[in-house]
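Protein chains in written order, with the working numbering: chain A, 1 to 112; chain B, 1 to 116.
Worth double-checking, as some hints may not be accurate.
Covered stretches of chain A, going by a simulated chain B footprint (3 or more residues, C-beta under 8 Å) [unchecked claim]:
# : stretch
1 : 17-25
2 : 41-51
Computed far set for chain B versus chain A, every beta-carbon distance over 12 Å [stated by the list, open to error]:
# : residue
3 : E59
4 : E63
5 : T80
6 : R112
Calculated from the model, a selection of chain A residues having no Cβ within reach of chain B, i.e. all distances over 12 Å [claimed, not checked]:
#  : residue
7  : V4
8  : Q6
9  : A9
10 : N32
11 : R55
12 : E56
13 : G71
14 : R72
15 : T74
16 : Y76
17 : A79
18 : P82
19 : T87
20 : A91
Think of the hints as simulated: they come from the structure by calculation, not from any bench. Where a beta carbon is used, it is the ideal one built from N, C-alpha and C, also for glycine.
Chain by chain, the residues run as shown.
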Amino acid sequence: KQEVTQIPAALSVPEGENLVLNCSFTDSAIYNLQWFRQDPGKGLTSLLLIQSSQREQTSGRLNASLDKSSGRSTLYIAASQPGDSATYLCAVSNNAGNMLTFGGGTRLMVKP
Amino acid sequence: GAVVSQHPSWVICKSGTSVKIECRSLDFQATTMFWYRQFPKQSLMLMATSNEGSKATYEQGVEKDKFLINHASLTLSTLTVTSAHPEDSSFYICSAREDRGYYEQYFGPGTRLTVT
């Protein structure tokens, strides 16, 4: 059974810092991996999707990498802003179009 | 594009009553939709996979007679919480999977259910 772990569980940084969020998964036979953002009491916003054949994806200040063989992904946020404060979730799918298994999330607080 | 809506966004009901939550893919077809629940400060846990025109597949520990799922069209799935109890109070989120391309899942905004 796939298990997804995110470290750290919570993170507080001053505005402007570059930061890295980590995600690990136990079964490397994944189809894709997604990073989401969730604001309190809200649904999920998809940030980046990485196919198993890809190594990284970039969107603005966000960069996600994938090392499938080691079961790891990182989300890099450059020049963090208070508006980046949210919970970040990573999730993996083991088959095309199959269910997502979520990590526990990292609660990020960026202080002005 | 790829917008998923949920209705209602929040609902309060009394113990013993039933509540229906709708999940719609607004601009794409979704043969498959997923229902998740999320307790405060916890991650999402899959409850069931909803397949258009067939019975839903429930995860272990989820009572199918309590959480009724109907996926009657390619753009609509409903979750009915029957005989609701206070412990059913949670945040319910659906996702709809595109039937093409990378099969990406798009999530609805969630429904906050409070059972009194």
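Structure-based check of each hint:
Counting residues of the stretch 17-25 of chain A whose C-beta sits closer than 8 Å to any C-beta of chain B gives 0, which falls short of three, so the coverage hint is violated. Here's how the stretch 41-51 of chain A fares: 8 of its residues keep a CB closer than 8 Å to some CB of chain B, so the rule of at least three is met and the hint holds. Annotated as non-interface, E59/B brings its C-beta within 12 Å of a C-beta of chain A; the closest such distance is 8 Å. Distance to chain A confirms E63/B as a non-interface residue, since its nearest Cβ pair spans about 18 Å, more than 12 Å.
Its beta-carbon lying about 20 Å from the closest one in chain A, T80/B satisfies the requirement of being farther than 12 Å from that chain. Not every C-beta of chain A lies more than 12 Å from that of R112/B, the closest at about 7 Å, which undercuts listing it as non-interface. Some Cβ of chain B comes within 12 Å of the Cβ of V4/A; the nearest lies about 9 Å off, and the non-interface call is violated. Some Cβ of chain B comes within 12 Å of the Cβ of Q6/A; the nearest lies about 8 Å off, and the non-interface call is violated.
The beta carbon of A9/A sits about 10 Å from the closest Cβ of chain B, which is not more than 12 Å, so the claim that it is off the interface is violated. Under the 12 Å C-beta cut-off, the non-interface status given to N32/A relative to chain B is violated; the minimum distance is some 7 Å. With a least CB separation of 16 Å from chain B, R55/A remains clear of the 12 Å interface cut-off, as annotated. With a least CB separation of 16 Å from chain B, E56/A remains clear of the 12 Å interface cut-off, as annotated.
No Cβ of chain B comes within 12 Å of the Cβ of G71/A; the nearest lies about 18 Å off, and the non-interface call holds. Every beta carbon of chain B lies more than 12 Å from that of R72/A, the smallest distance being close to 18 Å; the non-interface claim holds. At roughly 18 Å from the closest C-beta of chain B, the C-beta of T74/A stays outside 12 Å, upholding its exclusion from the interface. At roughly 21 Å from the closest C-beta of chain B, the C-beta of Y76/A stays outside 12 Å, upholding its exclusion from the interface.
At roughly 27 Å from the closest C-beta of chain B, the C-beta of A79/A stays outside 12 Å, upholding its exclusion from the interface. For P82/A, the requirement that its beta carbon stay farther than 12 Å from each beta carbon of chain B is met, with the minimum near 21 Å. Under the 12 Å C-beta cut-off, the non-interface status given to T87/A relative to chain B is violated; the minimum distance is some 9 Å. With a closest Cβ-Cβ approach of about 8 Å to chain B, A91/A is found to fall inside the 12 Å limit, against its non-interface label.
Hint compliance for this structure: hints 1, 3, 6, 7, 8, 9, 10, 19, 20 are broken, all remaining hints hold.
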